Structures are given as C-alpha cells and as structure tokens.
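Taken in order, these protein sequences are the chains called A and B.
If you use the working numbering, the first sequence corresponds to residues 1 to 171, in order.
If you use the working numbering, the second sequence corresponds to residues 172 to 368, in order.
These are calculated hints, taken from the structure and not from any lab test.
Heads up, some of the hints might be wrong.
[Claimed, not checked] Computed spacing ranges between beta-carbons, pair by pair:
(1) B/L224 x A/L112: 29 to 35 Å
(2) B/G307 x A/A150: 35 to 41 Å
(3) A/A79 x B/A354: 18 to 24 Å
(4) B/E343 x A/L108: 46 to 52 Å
(5) B/E343 x A/G37: 34 to 40 Å
(6) B/K271 x A/A45: 39 to 45 Å
(7) B/G365 x A/L108: 27 to 33 Å
(8) A/L162 x B/R342: 52 to 58 Å
(9) B/L322 x A/D33: 42 to 48 Å
(10) A/A150 x B/L322: 44 to 50 Å
(11) A/R115 x B/G215: 45 to 51 Å
(12) B/G365 x A/A150: 36 to 42 Å
(13) B/A354 x A/P39: 17 to 23 Å
Remember, it's a predicted structure, so these values are computed and weren't measured experimentally.
Positions of the beta carbon are idealized from the N, C-alpha and C atoms, including for glycine.
Here is what each chain is made of, one letter per residue.
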Amino acid sequence: MSEWHEIVQKVLKRSEVKLVTYVPDRVLTPLIDGIEGDPYFKAFATAREEEAVGIVCGAWMAGMRGVVLMQTSGFGTLANALASLAVPFQIPVLMIVSERGTLGEFNLGQALVCRTMRPVLESLAIENHTIARLDELEFILDRSIAQAVATQAPCAFILSPLLTGGKTFAS
Amino acid sequence: MAEIGNAKVMNRFDLTKRLVARLQHEEAVIGGIGNTHFDLWASGRRPQNFYMLGSMGLAVPIALGVALAQPNRRTIALEGDGSILMQLGALATIATLQPKNLVIIVMDNAAYQITGAQRTATAFRTDIAAIARGAGLAKSVWAADEQDFELLVERALAEDGPSLIAVRIDREPAVATTERDPAQIRDRFMRGLGVKK
C-alpha cells in the first residue's frame, strides 16, 4: 500500500488541485517534497497561513483549484480569513492540517492551540474530517474535495498522528 | 517617480478614476478593505473588480492568486497603508515568485482612516515603497503627482512586473459604499474573469 503522502499527492492531482501553498511542517515534509518534485503542481511557501488562504481564494475565482498545507498552530491564525473571506464568499478553500498538540505532544502551546481548531471549524460550519486510517484516506479526500467544489464550501482535512506518525519527543 | 518626501498628496477617488480609465483589457482589480474598495466601486461597476469585505490585508494575496491562475491577465491589487502593513510577508512571496502580470497600488494616507484616523507607522518613519524594494520588488516607486501616477500605471500595465506604485493621499472619505453581498460579488467577478459563463 502507498504511503499517506503519496495518496494525498495522487488525489490532489486527480482532483485538479494544482496550486499548493504551505507554511512548512516537519510531518508534511514528504508531501511537500513530493509535490515540489512534480511539475504538475504550482507549489510555494507563504509567510503566513492567512496569506495562503487569500492566494487560494484568488486562484479559485480565476479558475484554479488550490490547497493550504499547514500545522495546527497555523490553523489557529485563520478564524478571520475563513469567517470573512472563504465562507461568506463561498470559496472552496481546501486545508490540510498536520495535527500537533495531541497523542504525545511535548509543547504545551501546541496542545492548547489544538483545542481551538475543531471549535473554530464547527462554529463556522466548515466540513472537516480527522483522518486516522490509511485505508480511509483516499475515499475521504476524493469525496470531500468533490463535495467542496460542488457546494462551494471550504473543507479541512486534519491528518492525525495515527496516520502520519506525528512529531514525537525525540524528533 | 519620486521619493516619499516629495510625493504630492493626492486624492484616492481621483486616482482610482484615473486608474480605471486606463484599464482597456479587462484587467482584474482587487479592492482592499474599506475606503479603497468603496472608491473602486464608485469608479464604475466593472465585472473584473473584486471588493473585499473583512479579511484585512488579503487584497494583495488574493490578487496574487488571480495572477497565478490567469497569467495572461493583468491583475491589480489596491491596498491602503494600514492593510499592507498587516501582511508585509506577502511582498516577499511575490518577490520570490515574480509574477509578470501583477501590479500593487498602495494608497497611503498614513492613517487607519475608517476607524478614526489613528496614525499608522507611515506617519512616522516607514516607507512602503522602500519596504517593497527591500522585500525584493525592484520596481517599487512613489508617484510624484497625478501625471506621474498615470505614467507609472501605463508602464506597469505594459511592462513585465511585478511592480508596486505607492501614492500619498489625503484623508477625504470614500464617495460611496459598496453593496455588501459577498456571494454576488464573487459570482460577478468569476463571470468577469470568464471562469463562469
């Protein structure tokens, strides 16, 4: 079976999500490396996550699908950009969040900001899935990207340490 | 072309009208929060205009997204000084990517005018065009006066970008208020860009 990041890359490509913006994260490194090595994608780092949301919103309105890759603390900066841009303007911003703050977190700040993530998503009624199992990954991504586009609504994919291995004390 | 110290203080609505009059090729214009897009709205209801509500600071990133998705269309971000100060990192992203079709215009009145005219950092020692040059946007200049602004716009629309034009403006309020209907703004913009038929 493929690695999680190979599946994510494959589904993004198949779903024509060409624009990949990111603020880097250790866990996401193999995904970022894979995407940057594939000329299909237009991939680059931004200075902030909300900047990436703005870029993806502009690209969508001009005909190009995009995704923002980030870690939990990055999502913590996004409430205003989602509430005042992506949600009311009905723009299907895709978000892939590497989950920090749980299942062996060593940084209290990460553990606290992690607790804000799902309440923010729920309060804005943003579709979100926590993906913990490799065998469910492709189905969830495929169906949810199609749904986001069809319903013109943002969607967040939270990649659990159960899927990615996460970041541990030693690393 | 001028330095900040000898740039004439102009008027936002007047400059916005001058800009819009020069747009002949369905260029996309992203109007930043507040007075910036109010005056864009008042300058004519172009379907290629996007009016940002909330998300202060994101006009430049939105314009970058449009520019990347449609490299053959000129895209212009209209921002204020307070807004651009919130998202200076975006200038570095743009300097890295070097999108040829992106133009940034910063209307600088050295104040958060709409919230009560509290002074921004540009009222003191901060120079937006110099910051942009430092970020790596070599074509970042102050407009000396209205004629210079028109010349710089003409050049930015014809030559390879990215470019940034900073203008000093007065504190006149905007002349109208944009209709705040985000779904309609987005839908009209997408049709204006030919994405939806």
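| request: Kindly confirm whether 35 to 41 Å is satisfied by the beta carbon distance between B/G307 and A/A150. | output: Once the Cβ atoms are compared, 39 Å apart, the range 35 to 41 Å for A/A150 and B/G307 holds.
| task | Starting from the hint 45 to 51 Å, judge whether the C-beta atoms of A/R115 and B/G215 obey it. | result | The hint (45 to 51 Å, Cβ to Cβ) holds, given that A/R115 and B/G215 are roughly 48 Å apart.
| 27 to 33 Å as the expected CB spacing between A/L108 and B/G365, which holds or is violated | Violated, at about 50 Å.
| Falls inside 34 to 40 Å, the C-beta gap from B/E343 to A/G37? | At 52 Å between Cβs, range violated.
| request: Using the beta carbons of B/L224 and A/L112, state whether their distance is inside 29 to 35 Å or not. | output: Once the Cβ atoms are compared, 31 Å apart, the range 29 to 35 Å for A/L112 and B/L224 holds.
| request: Starting from the range 52 to 58 Å, see whether the pair A/L162 and B/R342 falls in it by beta-carbon distance. | output: 55 Å, holds
| said: Assuming the hint says 18 to 24 Å, is it satisfied by the Cβ distance from A/A79 to B/A354 or not? | reply: 20 Å, holds
| query | Does the Cβ distance between B/K271 and A/A45 fall inside 39 to 45 Å? | reply | 20 Å, violated
| task | Just tell me: holds or violated, for the beta carbon distance of B/G365 and A/A150 against 36 to 42 Å? | result | Given a distance of about 21 Å, which is not inside 36 to 42 Å, the answer is violated.
| In this structure, is the beta-carbon distance linking B/L322 and A/D33 contained in 42 to 48 Å? | 45 Å, holds
| request: Using the Cβ atoms, figure out if B/E343 sits within 46 to 52 Å of A/L108. | output: At roughly 49 Å between Cβ atoms, A/L108 and B/E343 fall inside 46 to 52 Å, so the hint holds.
| message | Just to be sure I understand the hint, the distance between the Cβ atoms of B/A354 and A/P39 should be within 17 to 23 Å; is that true here? | response | 35 Å, violated
Against the hints set out earlier in the document, violations occur for numbers 5, 6, 7, 12, 13.
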